[in-house]
Amino acid sequence: MALVRKDLRLELRTRETIVAMVLFAIVMLAILQFGFGTRDDDLTRFVGGLMWVTLAFTAVLGVGRSYVAEREQRVLDGLLVSPVPRTVMLGAKAIAIFLYMTAVEIVVIPLVGVFFVKGPYWDAIGWIAIAAVLANICIALSGTLFSGLALFTRARDLILPVLFLPALVPVVIAGAGATHAVAGGPHDMSEWRGYCLFLLAYAILFALVSVATYDAVFDD
Amino acid sequence: MTPSSTTDGPARIPGQRAAVIWGVLATILVVVSTIGVFLIAPEDADQGIIQRIFYFHVAIAIASLIAFAVACVAGILYLRSRDERWDDVGEASIRIGLLFSVLVVITGSIWAKASWGTWWVWSDPRLVTYLIVVLIYAAYFVLRSSAEDDRKMRYSAIYAIAGFASVPLSFYSVRVAESFVHPVVFTSSGANMPGTMLWWFIVSQAAMIALFIALLEVDLLGRRSERALRRLAMRLESA
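Those sequence lines, one after another, are chains A and B.
What the first sequence shows, in this note's numbering, is residues 1 to 220, in sequence order.
What the second sequence shows, in this note's numbering, is residues 221 to 459, in sequence order.
These are calculated hints, taken from the structure and not from any lab test.
Some hints here could point you the wrong way.
Where chain B lies over chain A, by a calculated footprint (3+ residues, C-beta under 8 Å) [claimed, not checked]:
#1 20-32
#2 194-205
#3 211-219
The beta-carbon is built from N, C-alpha and C at its ideal position, and this holds for glycine as well.
Start from the sequences and build out the full structure, keeping to the hints where you can.
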């Protein structure tokens, strides 16, 4: 918990990552609207895609920033020589990314409803939130592993999206599918459940892979 | 015989014989399966000649998954032993698996054009899945090229494991709520095709697996030869 507090305290002092992520997400939503080439007020059918494309790219931005403080202020060197188990480092970083994503979603999920949906979106917001929490766990776990891999590579800012986004495709498919199932028109709860179970399976599998391999990421 | 021994005949790199044996076996099997698929196997009543692409399309897809599984196991073994030979096996397997996956996408696209009149069908889960698989494993080489020495091997091993975990996830994510347009040949109750077709499919599958092993052996032989040459050059320089 001390490591999570360290990440959050660093963030709360400057608020640079969360503010940048939220702004980025809002700009993305606007670009997507213009990118459709229509000024149609009702994009209910595309609500899942609009939301999760925005969140996926915002996640790349946030995950890319997650080790910056450690690297620039040489905190990582201290952590690596300390007796803190690597799995604790993994858990702390994943919790920090999870909280960043949750903060962004608190703004993005209602905003998507205001901007694009003319259907009964607000009744479904709880179901969307549950899917978002599960997706955040997936993003946090895979993001921690891939950002650790990209950390000491050349052109790491370029490497991270190339590694992370393909692994995120299933999360986007499931997140967008779950959102579409409850807010995009069909209101199909069994479909929503299927996507949520998939997200849970993704989270479990990536938790296992991350715990099994994270030791080797910083084995210098 | 070690690569440097030159006293009794020409030096031989370890694995040379295996590469030759697998190369010959793969060539025979590919020729036999091509003849069988195009000249002997019965024509599908519904799809006609285009169905014959199935023998290669599915066989390459399965062989590519085997290649990625081999790379994942090699990754685990590398992390346990830090023996760079496992890194060689991992990289070579992913190189071949990626090549096979691209072929799966191309043959699938040809099949889509012939069957459904369009080169790309987003509602076909298998085609979309393979596109994701290609993207995942293409990133492996980007990661490899941007890290050095021990880190390169370590990161590659970790990514090979994480990449292989992503494959079933990609498969299921595009299937959770898809309407299937892809012909389903293998179901839980068995193969949905007549005996002769199944026989030629098995031959094609064996050919593709043998081709994978032959390419892997040749790739590994190339690496060993390169190392042996480097050692020889160093020895000559120091002499």
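Against the structure, the hints come out as follows:
no. : hint    : in the structure
1   : 20-32   : violated (count 0)
2   : 194-205 : holds (count 6)
3   : 211-219 : holds (count 5)
Checked against the numbered hints given earlier, the structure breaks only hint 1 and satisfies all the rest.
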